[in-house]
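Using the sequences plus the hints, can you model the full thing?
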Amino acid sequence: MTDARVPSPHPDSAVPAAAAATSALVGASPVAALTAPAPLSGPRFELRSGDARAVIGSVAAVLCELEVDGQALTETVPIDGLPPQGCGIVLAPWPNRVRGARWTLRAADSGAAADAELELDLTDPKWNAASHGLLRNTAYRLVAHTPSTVELAALIPPQHGWPFRLETRVRYALEPDGLVVTHHVTNAGATRAPWAVGAHPYLRVGGTPVADLELRVPAGVALEVDATLIPVGARTVGAEEDLREGRRVGDLDLNTAFAVDAAGGPAADDDDAGSRGDAGDAREIARLTAPDGAATQLWGDPPFRWVQVFTPGDFPRPLGGPEPTGKAVALEPMTAPANALNSGEGLVWLEPGASWSASWGIRRIAAAEKRHP
Amino acid sequence: MTSDGATTTPTTTSAPPASAETDGLAADAVSPIGRRIHLSGGGVEAVIGTIAATLASLRVDGVQLTEPIDENAWPAYCNGIFLAPWPNRVRDGRWTHDGATQQLDVTERDRNNALHGLLQFTDHEIREQTPTSVTLGALIPAQHGWPFTLDSWVRYELVPGGLRATHGVRNLSGVTAPYATGVHPYLRLGDVPVRELRVTVPAASYVEVDDRLNPIGVKPVDGTPVDLRAGRLFSDLDLDTAYADLSPVDGATAWIEAPDGSRLTLLQDPDWRWVQVFTTAIFPAGGWTAVDPATSGPDVEGSGYLGGPLGDAIAIEPMTAPPDALNSGEGLIHLQPGAEWSGSWALRYTPAPAAGSSTDLA
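So the protein lines, in turn, are chains A and B.
Residues 1 to 373 in the working numbering are what the first sequence spells out, letter by letter.
Residues 1 to 362 in the working numbering are what the second sequence spells out, letter by letter.
Bear in mind the hints are in silico, worked out from the structure with no lab data behind them.
It is possible that part of the hints are untrue.
Only pairs whose alpha carbons sit at most 20 Å apart, straight line, appear in this in silico SDA-like list of lysine to any residue [said to hold, decoys possible]: (1) K327(A) to D253(A); (2) K126(A) to R111(B); (3) K126(A) to G145(B); (4) K126(A) to G161(B); (5) K327(A) to P78(A).
Stretch-level coverage of chain A by chain B, calculated; a stretch enters the list once three of its residues show a Cβ under 8 Å from a Cβ in chain B [unchecked claim]: (6) 70-80; (7) 151-164; (8) 186-193; (9) 201-212.
Short derived list, chain B residues pointing at chain A, Cβ under 7 Å [unchecked claim]: (10) V30; (11) P32; (12) V106; (13) T107; (14) G137; (15) T149; (16) G338.
Each residue gets a CB set at the ideal place from its N, CA and C atoms; glycine is no exception.
Structure follows, in structure tokens:
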């Protein structure tokens, strides 16, 4: 048996090897334990709580599966595929796009003597942008795994256009009716650093075709974008995008950021409303309701002030799933809108050593709990 | 709790005293190259950073043999970084696999290429460590333009007179995956001015490149200023050149020599059939240390960082494949599902001959 951690010298090596030393294996590596064919999202962790089940993948700390009572709350990331259309991935240290993959680090924010023009890697050549942060292709390391929780961590190192060090963590905690997701960050560098975070779940309500679901988002303001999908202003929601009273997903064609109303409803219908997020005061961000009254709710702490609503018509689903390739709806909680590194909108500036955390989640609301029968 | 509902904690004001383990940084701080791992034994000292499995320093008997990366600095011009699953460039970040066009992230913006693989900004896990060795590992996940999953690792070990590094990979995909690797050390011989170093590479060919540094052909070095077979002074060089058709001398594929006869030798396993030589006169000693507020546009090196003072430096990069190998196929290692590969390179220091010991006097 081969142990990749303790290599043997190449048989034809011209390079002299050191004398054998007693090696100390440091911890167990979930990556080193993988065998081919491995899941494309890296080591996976299953969570269970009551009749709820979730699967988390290491790469991008991706939410692969979430179900309650056998009913899917999200689309599925296949074990042998990349997350389809960003399904389930964590977006940090910024969600959505940075225009031209360039941004200005202002002296007023950095404390430097002058502004600095920074250039990120071009990760979205089609839209000439840097999309969805810097952890999309990072395998998080495992911090802790219990039957109902998993905590993953990833360093965001300094790199092209990003002269900062952030130590980030994502904790998934499964409860009998859904999932609580907590993002945590510490500025491990020596200078002030910007931070924003989001996530890219596609929600559903069991096997009901997504087109037949009613989507409700408590938002009266949407962001105006230019031809490259970068925000250029805000507008009062128009008739085709006013989701406050609910609209059928099949009638929507959106890739739109909404500012969630500060006066949005509480996160839960029952007496423990507002108690789910670590920061308290969690509120409903969006709700999908099936014709039978069952619903899937997206909620978030107040920092998740924006939600990107994306309704592709070609979301790929492998054969055997609840429905074939077709309509899907991403409901992306975000602490900042697209292009925040340039606009400054929603950015958190972390002093050296400072930390920040906030939560969002997804829960199933059974038909009997239907709020507006 | 702040008014926007997020929980925050204040800056730590009292940093713990410096120790060997934390390299002078506060215990919860991370250096720009990640955790800095110190190896020491037999007169050899090395520092390895976990981001990009970077070789941050190598000293033998107190002689500095690579350009060091200071503890609060970023690697300048890719100093010391590990390159996988390809070294050097992929033209336009685009290549073809089984008839399908693959578009990688463009990581060299000004030349529109994908440069130096997928691990340049990846923090590695420590898989094994002794006082004189460390193995760092990372997953190379499937991503834009790269439909494979690889388990990648690097093992550094101190050896008499220097350092040996072994790069390893295991294909975790269900399909055959291409692979190539390299490393980007800048070499020196203590305090000897770099421009006084004589550089020798026993290579019969070099890779001709276009203005974006992508290959357009392989040519003999005969009669050209890039012929390093007989050695040339650094001060006569202006190179960013891949060498091929190596004729290693006792395993040595390149060496630098000081006027006093001391020498630093690069050794490569048989699979490592190329070496890239890069010379610069604007290398910031110790690495980049701050964002450059004066930078007013895209920076060639993507740095936007300040450092200094600027001086001469020479990178000599062992590689298993030449530039743009994903397109040419040249040098690629093809890994079946579950298959592994490993290969080594090493640096070995030879002090100046002691006075009176030369065989010429016999």
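A quick look at each hint next to the structure:
Of the pairs offered as hints, the one joining K327(A) and D253(A) holds, with about 10 Å between alpha carbons and a cut-off of 20 Å not exceeded. Between the alpha carbons of K126(A) and R111(B) the distance comes to roughly 17 Å, so the proposed pair stays at or under 20 Å and holds. For the hint linking K126(A) to G145(B), the alpha-carbon distance of about 13 Å falls within 20 Å, and the restraint holds. For the hint pairing K126(A) with G161(B), the CA-to-CA distance comes to about 50 Å; that exceeds 20 Å, so the pair is violated.
Annotation: proposed proximity of K327(A) to P78(A) holds, straight-line Cα distance about 17 Å (limit 20 Å). Interface restraint, the segment 70-80 of chain A with chain B: violated (1 residues with C-beta to C-beta distance below 8 Å; minimum three). A stretch counts as covered by a chain when three or more of its residues have a beta carbon under 8 Å from one of that chain; for the segment 151-164 of chain A and chain B the count is 8, and the coverage holds. Restraint check on the segment 186-193 of chain A versus chain B: 5 residues with Cβ-Cβ distances below 8 Å, three needed, restraint holds.
Judged by the Cβ-Cβ criterion of 8 Å, the segment 201-212 of chain A is not covered by chain B as claimed, because only 0 of its residues qualify and three are needed. Because the closest C-beta pair between V30(B) and chain A is about 4 Å apart, less than 7 Å, the hint holds. At its closest, the beta carbon of P32(B) sits 5 Å from a beta carbon of chain A; the interface hint therefore holds under the 7 Å criterion. Proximity of V106(B) to chain A holds as hinted, the smallest CB-CB distance being about 4 Å (cut-off 7 Å).
For T107(B), the interface hint holds, the least distance from its beta-carbon to any beta-carbon of chain A being 5 Å, beneath 7 Å. Given hint, G137(B) at the interface with chain A, holds; its Cβ is 6 Å from that chain's nearest Cβ, closer than 7 Å. Among the interface hints, the one on T149(B) holds; its C-beta lies about 5 Å from the nearest C-beta in chain A, closer than the 7 Å criterion. Annotation: interface hint on G338(B) holds; nearest CB of chain A at approximately 4 Å, less than 7 Å.
Of the hints listed earlier, those the structure fails to meet are numbers 4, 6, 9, in rising order.
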